[in-house]
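*Asks:* Single-letter residue listing:
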Amino acid sequence: MKCIVRLCRNLLDEIHSDLRRRHAHALERVGFLYGRLARAGSLAIVVPFDYVPVPDEQYLLNSTVGAMIDADALFDAHQRTRSTGQCCLLVHSHGGSGGTWFSRTDVSTLKRIGPSLQRMAKNAAHGGLVLTSRTGACLVWLPDEKKPTRSAVSIVGFPLILDRGKFHVA
Amino acid sequence: MLPSNRFSRQGFLGLAAEETFATARIGIVGLGGGGSHLAQQLAHLGFLNFILYDGDAIEESNLNRLIGGTNIDVAVATPKVMIAERLIRSVAAPSVMIEQHQNAWQDNPAALRSCDLVFGCVDGYRQRWELQVMCRRFCIPYIDIGLDVTNAGDESPKMRGQVILTVPGGPCMRCIGFIDDENLGDEGRRYGDAGIHPQVVWANGVLASTAVGVAVDLLTGWTRTVPEKDVVYLSYDGNTGLVSPDKRLRYLKSQSCPHFRDNEVGEPIWQSL
Chain A
1 MKCIVRLCRN LLDEIHSDLR RRHAHALERV GFLYGRLARA GSLAIVVPFD
51 YVPVPDEQYL LNSTVGAMID ADALFDAHQR TRSTGQCCLL VHSHGGSGGT
101 WFSRTDVSTL KRIGPSLQRM AKNAAHGGLV LTSRTGACLV WLPDEKKPTR
151 SAVSIVGFPL ILDRGKFHVA
Chain B
1 MLPSNRFSRQ GFLGLAAEET FATARIGIVG LGGGGSHLAQ QLAHLGFLNF
51 ILYDGDAIEE SNLNRLIGGT NIDVAVATPK VMIAERLIRS VAAPSVMIEQ
101 HQNAWQDNPA ALRSCDLVFG CVDGYRQRWE LQVMCRRFCI PYIDIGLDVT
151 NAGDESPKMR GQVILTVPGG PCMRCIGFID DENLGDEGRR YGDAGIHPQV
201 VWANGVLAST AVGVAVDLLT GWTRTVPEKD VVYLSYDGNT GLVSPDKRLR
251 YLKSQSCPHF RDNEVGEPIW QSL
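Which chain is which? The protein sequence lines are A and B, in order. Here the numbering used here is used: the first residue of the first sequence is 1, the next is one more, and so on. Here the numbering used here is used: the first residue of the second sequence is 1, the next is one more, and so on.
With the rest of the complex left out, here is chain B (with noise of 0.2 angstroms):
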């Protein structure tokens, strides 16, 4: 497929990158401050198959960072899939193809199973690990996107954030140390002790457009780089503004992951004891 003109200013990602971006399925779990400007860039760049899980409506909270909520959608509750979808659609062709679920994903995890691609936008390590886990069932890779912000005593706040992607076959969010049993066990105290789910617009841009970086990279190889451990993980110092290559990397021994066996993939199957 030769580039439309709609997409000249990106053909440097190769010939194949239009047809690839409007093939390709992408899951958006999480429609909020990251989720909607994921939403939101991905349709710029051409991506045309959607699907979108969230099962809030906005609230005036939200409006600090809700990438296309208004003050009108708050005063209607509007659900921020639709919010999203009213995004997606006023940037993308017109045959591009939403489905929005105003849902957990686990309540109609089928659809997600048919993407591509996933983003995980969502709060607390248990919910981020359940994906990774639908995700590897079904072999699809996850691209993880979220931030937190700590008190630090008498210092100033310490704004912390993540992309990491993970595919099946490689290292996952245990393997990289991001998740452990401490973490999933006791979120509560280590998320985000700056106030509930503290999130700003600025540093949800960085994040969600970092995550856009790397999937485009991963669907189109356009910078012709491998991640050296077949995973990625950048963290985010939102103190600074520098956006690295997370040190745990450094001390990950295997490319291979124990926490997911190779046959444990397609549907669970329960077997009485």
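The shape of chain A in the complex, shown without the other chains (with noise of 0.2 angstroms):
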């Protein structure tokens, strides 16, 4: 199945003007993404509404990565998607403005994040969104789909970016 994520423009600066801001250990920061998944035909479509940042206190040093966000924080977007039963996208910026892919430690974490998440809401779709500061890319488990899916992302406001990743959606 194919998947596209639609992001208002709006919703994309709130999340960027977080994800700006400095921490006085973590090199980037992350947030949670909530939305809901819509069905056309063979197409889910993914409608993001409320972006929630991790508080400065759930960043934890760490010596592989620098830094990390701590179990309070997912256990806060668990429990959420649990009881709201929306998709759950771990947002976090690569800086420029080209396209983008999530790097292997980005992957390794999602591998990790996705699937639980798809244990807390089956029929919502959860895994990661990569912003640059134009566009971004989306890594997606799909309902009963075990392996991710390379989302389309649209961002959707003035200009309006249809980035397709490597497919097109007709």
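Be aware that a few hints might be false.
What the hints assert, rightly or not - Now the stretches of chain A that chain B is said to cover, found in silico as 3 or more residues with beta-carbon under 8 angstroms:
#1 5–19
#2 29–38
#3 130–140
#4 154–161
Note that these hints are calculated values from the structure, not bench results. We put the CB at the ideal spot given by N, CA and C, even for glycine.
From the two separate chains plus the hints, produce the assembled complex.
*Replies:* Put into structure tokens, the structure is as follows:
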């Protein structure tokens, strides 16, 4: 199944303004983006509507990757996903303005978080979204699918950005 | 993607324009006087993915404006979506993909949800509002075009039209004062009292061309301008031929929309009380 994430530009601006804030020891901030999953034939559509930053105190120092979020941050995301049935995407930014993709560390993190969130809300889509100033890339675990799907990303605003990654929706 | 020779005259739209047009999935609801112009122009520009909705077949009274319609089509009552498909295929690259629906979009809304941009060329405010709601729920920009001719007593009939682009997160058609409870409830009296749905080819052409220009700017950003209040509302005065920003935009106080809450997205959820 193909998937597209349609992200409103207002929400994208809100995310960027949070992720740009400096942290005492984390070089890169993350947050959780919640949304709903809809179907259009064989196309899955994720429409995010709420962004929740990870609080400063939930970043831990880590000798391998510098910093990582703690169990409380993950618990909160799992709890909300379970109680609402919403989609949950872990969001961070790579900076720059062109296309981007997840690092090896990102993918390894998502491979743990995606299926775990999937168990919390099995009818939603979960995974990660990595942003640049102009666009983003997304990897999601869709309902009943064990392997993640590379999702297209649309930034809905002025201008309308249609980032199809490696596939065409049609 | 490098611009092909086919589109060499529109290179100013940017290097990515051709690929964007080829990728974007366009929904057109209503393939009459306005929609047929849109279909033709979008095909010329290089759009390659179309979802078309219209439940009607062509009638003789449509021949004054329906682009692509012929006397033979009237004789055999060709569905309007088939005429539009024929028109698009006559211009577009062979790889064009067209999904036609000979029914109201509400009878098969899934295909419309998959669109990246929806054009509404429908009659009446209620239909427009329903399209607006669908587009908000699935985070799709919506472009509305419409034409109205009203009698003004002893004066000449007044021809007015509009092109509106609303984008999720920004003002909707209620915010800008185009749709309100009064015209939703009483549209039969106010809409088109100079005959049944008065339409003429030149005015449809002006509105459709303007809408296509708005869509191209949305997709390419070639003018490098962002609408001041995150919405485009252009009014057409058919008596003078002027297209200009509607004066109601001056009184729009907020760029946020109180009519659609952020979490009202995706499939509607029904709960028993």
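*Asks:* Now tell me if each hint is right for this structure.
*Replies:* We went through each hint and held it up to the structure:
Judged by the Cβ-Cβ criterion of 8 angstroms, the segment 5–19 of chain A is covered by chain B as claimed, because 6 of its residues qualify and three suffice. Coverage of a stretch by a chain is defined here by at least three residues with a beta carbon nearer than 8 angstroms to that chain's beta carbons; for the segment 29–38 of chain A and chain B the count is 4, and the condition holds. Beta-carbon proximity to chain B at under 8 angstroms applies to 0 residues in the segment 130–140 of chain A; the threshold of 3 is not reached and the given coverage is violated. For the segment 154–161 of chain A, the assignment as covered by chain B holds, since 6 residues bring a beta-carbon within under 8 angstroms of that chain's beta-carbons and 3 suffice.
In summary, the structure is inconsistent with hint 3 from the numbered list given earlier, while agreeing with all the others.
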